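In order, the protein sequences belong to chains A and B. Numbering of the first sequence is given in numbering that gives the first Met the number 0, commencing with residue 0 and proceeding in unit increments. Numbering of the second sequence is given in numbering that gives the first Met the number 0, commencing with residue 0 and proceeding in unit increments.
To be clear, the hints were calculated from the coordinates, so they are not data collected in a lab. Warning: the hint list may mix true and false statements.
Claimed, not checked - Under 10 Å between C-beta atoms, here's a sample of chain B residues computed to sit facing chain A: (1) K4; (2) L9; (3) M12; (4) N27; (5) K36; (6) L67; (7) Q70; (8) G75; (9) A79; (10) K109.
To be verified - Selected chain A positions facing chain B (in silico; Cβ < 10 Å): (11) I2; (12) H5; (13) D103; (14) L145; (15) K181; (16) I263.
Nothing here was measured: the structure is a model prediction, and the numbers come from that model. Ideal placement from N, C-alpha and C gives every residue a C-beta, glycine not left out.
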Amino acid sequence: MAIKMHILVCGGTGCTASGSKEIIEELNKELTAHDLNDFAKVVVTGCFGFCERGPIVKIIPDNTFYTRVKPEDAKEIIEEHIIKGRKVQRLLYVAPDTNQSVSDSKHMEFYKKQVRIALRNCGFIDPENIDESIARDGYAALGKCLTEMTPEQVIDEIKKSGLRGRGGAGFPTGLKWEIASKSRVGEQKYVVCNADEGDPGAFMDRSLLEGDPHSILEAMAICGYCIGANHGLIYIRAEYPLAIHRLQVAIEQAEQYGLLGKDILGTGFDFTIELRYGAGAFVCGEETALIHSMEGKRGEPTFKPPFPAQSGYLEKPTNVNNVETYANIPVIINKGADWFNKIGTEKSKGTKVFALAGKINNVGLIEVPMGITLREIIYEIGGGIKGGKKFKAVQTGGPSGGCLTEKHLDTPIDYDSLVAAGSMMGSGGMIVMDEDDCMVAIAKFYLGFTVDESCGKCTPCRVGNKRLLEILTKITEGKGTMQDLEELKNLSNVIKDTALCGLGQTSPNPVLSTINNFWDEYVEHVTEKKCRAGQCKALKKYVIDPDKCKGCTACARACPVSAITGTVKNPHVIDQDKCIKCGTCYEKCKFGAISIK
Amino acid sequence: MDKIKNLAELRKMREGMQGKMSMRENSNSSEAIIQIKVGMATSGIASGAKETMNYLITEIDKRQIKALVMQVGDMGYCHAEPTVEVTIPGKDPVVFGNVNIARAQEIIDKYIVNGELIEGILPANYRSI
Numbered sequence: 000m001a002i003k004m005h006i007l008v009c010g011g012t013g014c015t016a017s018g019s020k021e022i023i024e025e026l027n028k029e030l031t032a033h034d035l036n037d038f039a040k041v042v043v044t045g046c047f048g049f050c051e052r053g054p055i056v057k058i059i060p061d062n063t064f065y066t067r068v069k070p071e072d073a074k075e076i077i078e079e080h081i082i083k084g085r086k087v088q089r090l091l092y093v094a095p096d097t098n099q100s101v102s103d104s105k106h107m108e109f110y111k112k113q114v115r116i117a118l119r120n121c122g123f124i125d126p127e128n129i130d131e132s133i134a135r136d137g138y139a140a141l142g143k144c145l146t147e148m149t150p151e152q153v154i155d156e157i158k159k160s161g162l163r164g165r166g167g168a169g170f171p172t173g174l175k176w177e178i179a180s181k182s183r184v185g186e187q188k189y190v191v192c193n194a195d196e197g198d199p200g201a202f203m204d205r206s207l208l209e210g211d212p213h214s215i216l217e218a219m220a221i222c223g224y225c226i227g228a229n230h231g232l233i234y235i236r237a238e239y240p241l242a243i244h245r246l247q248v249a250i251e252q253a254e255q256y257g258l259l260g261k262d263i264l265g266t267g268f269d270f271t272i273e274l275r276y277g278a279g280a281f282v283c284g285e286e287t288a289l290i291h292s293m294e295g296k297r298g299e300p301t302f303k304p305p306f307p308a309q310s311g312y313l314e315k316p317t318n319v320n321n322v323e324t325y326a327n328i329p330v331i332i333n334k335g336a337d338w339f340n341k342i343g344t345e346k347s348k349g350t351k352v353f354a355l356a357g358k359i360n361n362v363g364l365i366e367v368p369m370g371i372t373l374r375e376i377i378y379e380i381g382g383g384i385k386g387g388k389k390f391k392a393v394q395t396g397g398p399s400g401g402c403l404t405e406k407h408l409d410t411p412i413d414y415d416s417l418v419a420a421g422s423m424m425g426s427g428g429m430i431v432m433d434e435d436d437c438m439v440a441i442a443k444f445y446l447g448f449t450v451d452e453s454c455g456k457c458t459p460c461r462v463g464n465k466r467l468l469e470i471l472t473k474i475t476e477g478k479g480t481m482q483d484l485e486e487l488k489n490l491s492n493v494i495k496d497t498a499l500c501g502l503g504q505t506s507p508n509p510v511l512s513t514i515n516n517f518w519d520e521y522v523e524h525v526t527e528k529k530c531r532a533g534q535c536k537a538l539k540k541y542v543i544d545p546d547k548c549k550g551c552t553a554c555a556r557a558c559p560v561s562a563i564t565g566t567v568k569n570p571h572v573i574d575q576d577k578c579i580k581c582g583t584c585y586e587k588c589k590f591g592a593i594s595i596k
Numbered sequence: 000m001d002k003i004k005n006l007a008e009l010r011k012m013r014e015g016m017q018g019k020m021s022m023r024e025n026s027n028s029s030e031a032i033i034q035i036k037v038g039m040a041t042s043g044i045a046s047g048a049k050e051t052m053n054y055l056i057t058e059i060d061k062r063q064i065k066a067l068v069m070q071v072g073d074m075g076y077c078h079a080e081p082t083v084e085v086t087i088p089g090k091d092p093v094v095f096g097n098v099n100i101a102r103a104q105e106i107i108d109k110y111i112v113n114g115e116l117i118e119g120i121l122p123a124n125y126r127s128i
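Just chain A, with the same shape it has in the complex (with noise of 0.2 Å):
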């Protein structure tokens, strides 16, 4: 008897750690107990994207979508749905606006608007069986450009395509390749995946090496066949257990099946990958220290030039793309540049992936065509912001980015239009806040982050990025003046200006950004020493309303520094200086007399 059932379920990282793995033990213990072992089987997929209501399980050919699946759901599932065909209602999505359970993925919102070109394989194929793979056109754009094309043919398609980088800055990738083809020609070259994703918040390439192994493979070694090498080196955080599992087995599989090796395909093409680890430094996804991580060297950048195209890896020519820039490559080449630049926008081109997270209802990971706008992204895909409340702004570009506002919430999303916003495209994490985030406590959070991970290589990030934390915790601890606020600003201007590399360069992003769109909240902090999210602890007042107390005395009995004095039955008070602001008096006070100002 054949298969005549698939259940999909997704072993991405947020869903395992929520359980997937157990899930998977049950439904296959429960397919056997009930002999169905030859009617259906579980197939571990990568990421379906709606990670907010994982573990997600799928069940073929009906496309049903259960979510927030528990392991003991399992004999319910098989019970219901495989041996009766009756759906588990109570595990179906249920959208907000009508109330009404959605029972097939393509009619939920979250899906409806995204274009899945980079993720086209996450979360449909089991990504440790390279037969699906290549049964979704897995290495037949590797055999068509070996066989039917020249590099220069290749490149001219990948130009064509309009790609550029989908790390960051948006560099055109056929015109990457160009030049590392041109340089040093004859030389021991060599092709490297950045997969050192750092951002807070990201996981846009985690996902895809997990979900989607082969084709990062298959498009590192197309890219070594347009620029003349013949290894490729994965630069992975050490951190991204999965992620370097999945590629050890797609390597492997892959190595087997002469399509990594000796003569691949018979054509005389020769490409082996291998993995290095990184130890997880946000300096090493920038490419000059990433390369010299991989020599077995400080993770440090250094000046360019020289161009990793014309020194890099071992002092050889070396082309250095993100993974998700890979992961177009095979589509393209398939599906020919004319259907890849009709999606987009004119000077940005196919899709973006995005990892949404923060203050938004449906978390996830979309891939969207470029040119949507922040609205649809937020209010549409990602089901609008939690528990009702106002949007404030979304940070995207990570600790390198800005952040955008209610007014560019219509602007379309491209790589130009974001940094002319203020912001960047940044490798796509997108954190949403809402009216209770203080803007000013944001910018020093990136910036904290941005202090740890500076490699004090150079002065004005090592030196210039501590002095600016220093001001905005003042700022926060409601000590700042005028003139703070003032050297913020000028500060910021020449890190920017002066720093070795891309992390200095843009680390003073956050703060110019939240400065130009939230110069009153700022303002506020200095002058009134007010925080209206009511987020900066120092600046939070705790009072208490004399007709409201009963004179308990419980407050003054938890105060840790006895900040509260009064007697039995009559009002109690706050002293202000004394006041640690923790916030004890307020949880212990039964009679709500406490507030907070």
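With chain A fixed as given, assemble chain B onto it according to the hints.
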């Protein structure tokens, strides 16, 4: 595993594998292809819906017809089980009653392949929302 020696071999392998993945491909574009729903509630199963469904799946697979066979719950025609609903894109769904293997074969041969209507169509007495 043997090595894949050339592009032709890779393409052949892809075609071989695509059959196994077609169920997933088709479910992604289910509005565009023929959908066959088999009522698999207690009454359906008791009257042999499982055998009918198995036959349909095997036959559709064998003849390489682009169609999706799904099991669904009770369609309400308990007097005429097993019931099978066939939706050809662009046409209204048609429900066939008392579908044993012989009738299933007839449905494929006449309705699905040629679009001819056959005896034993149940009047549709409901509207889906």
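Results of checking the hints against the structure:
1. K4: Nearest chain A Cβ about 5 Å off; hint holds.
2. L9: The hint holds - L9(B) has a Cβ within 10 Å of chain A, the shortest such distance being about 5 Å.
3. M12: Holds: closest Cβ of chain A sits about 6 Å from M12(B), inside 10 Å.
4. N27: Since the shortest Cβ distance to chain A is 7 Å, the answer is holds.
5. K36: It holds, given that the least Cβ distance between K36(B) and chain A is near 9 Å, below 10 Å.
6. L67: It holds, given that the least Cβ distance between L67(B) and chain A is near 5 Å, below 10 Å.
7. Q70: holds (4 Å)
8. G75: violated (14 Å)
9. A79: violated (18 Å)
10. K109: violated (24 Å)
11. I2: OK, holds: I2(A) within 10 Å of chain B, min 8 Å.
12. H5: holds (6 Å)
13. D103: The hint holds - D103(A) has a Cβ within 10 Å of chain B, the shortest such distance being about 8 Å.
14. L145: holds (7 Å)
15. K181: With Cβ-Cβ at 27 Å, over 10 Å, it is violated.
16. I263: Since chain B brings a Cβ to about 9 Å from I263(A), closer than 10 Å, the hint holds.
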